[in-house]
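S.K.: Keeping the supplied structure of chain R fixed, place chain B upon it in accordance with the hints.
These are the residues of each chain, in order.
2 protein chains.
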Amino acid sequence: MIPNPPRFTAEQLPVGEAVILGSHSVSEAEIIRFASEWDSQYFHTDPAAARESCFGGLIASGLHTLSIFQRLAVAGLFNHYDVVAGTEIREVRFLHPVRPGDVLVGAMHIGLVENDGRGRAAVVMTGTLKNQHGAVVLSLQMEALIASSGE
Amino acid sequence: MIPNPPRFTAEQLPVGEAVILGSHSVSEAEIIRFASEWDSQYFHTDPAAARESCFGGLIASGLHTLSIFQRLAVAGLFNHYDVVAGTEIREVRFLHPVRPGDVLVGAMHIGLVENDGRGRAAVVMTGTLKNQHGAVVLSLQMEALIASSGE
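So the protein lines, in turn, are chains R and B. Under the numbering used here, think of the first position of the first sequence as 1, with each following residue one higher. Under the numbering used here, think of the first position of the second sequence as 1, with each following residue one higher.
One chain only, chain R, in its complex shape (with noise of 0.2 Å):
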């Protein structure tokens, strides 16, 4: 059975309003660990050879920086709804180097929700992830299924 119920259906989003989500600290050695495993470009992972790059030094993999977006929305919104499953996740913008010792702050606003009738949502939303000097790193869509209690 869904581990720690009773979770909110569909209707209980808050349509029209952001959630704030929490925040994340970006080491060093996360970049590095995340990168060599799944984005192992010298500019994710090594951070003598970053400063010869545009960037001047090391820099978060994008899918790393998607992923914390990700971790904060299952900790602050996902984990409790009766998510059924994400779909689609569109126009990802990594608008703003992501660097170590950065504090990332995650939103995510509620747009459209549209019962399928068979007892799900499907829930259109759009996130970001500033830092903390109010830099917009990343912006997306997300399309989930949610449960829903209506028509």
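Read the hints as simulated data drawn from the structure, not as lab findings. Note that the structure is a prediction, hence the values are computed from the model and not measured. Keep in mind that a hint or two might mislead.
As the list claims (entries may be wrong) - Here are the in silico distance ranges between beta carbons for each label pair:
id	chain 1	residue 1	chain 2	residue 2	range
1	R	Glu28	B	Val136	34 to 40 Å
2	B	Arg51	R	Gly119	17 to 23 Å
3	R	Gly57	B	Ile20	30 to 36 Å
4	R	Leu95	B	Val136	26 to 32 Å
5	B	Arg33	R	Leu95	28 to 34 Å
6	B	Glu28	R	Gly56	37 to 43 Å
Heads up, the beta-carbon is just placed ideally off N, CA and C, and yes, glycines get one too.
M.R.: Positioned in the frame of chain R, the structure of chain B alone reads:
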């Protein structure tokens, strides 16, 4: 300096063709390890609870699936080129569940290559991951800046 020179520039990309990216075997342990850190929803982390979900068993996180694609793309394509940065990921569709024991094969179709006149080219690519039954489990578009020798 950039490791392992020389690298190809954008002019060497096989425009209009698909690059086969190699394969990756997905274990239950890897699914649980990735999701425990980045996407701890029960259907990614708890085999017993996942059996009660609509998927009937554990499935990989979409972020994990996307990271597997990036791992294959880096080894099979990006690390042979002088990549400046990934800039955007679009239309990421999770079309089929990824389960323990699946073997995923990646491919990247090279689309538009547009020089910016400042030594870089914006490259638009379409990627897919197929499982051992030939089903497309992931499709996406990526855009990256790659160093260019042209105008």
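S.K.: Name the hints, by number, that the structure is in violation of.
M.R.: Violated hints: none; all satisfied.
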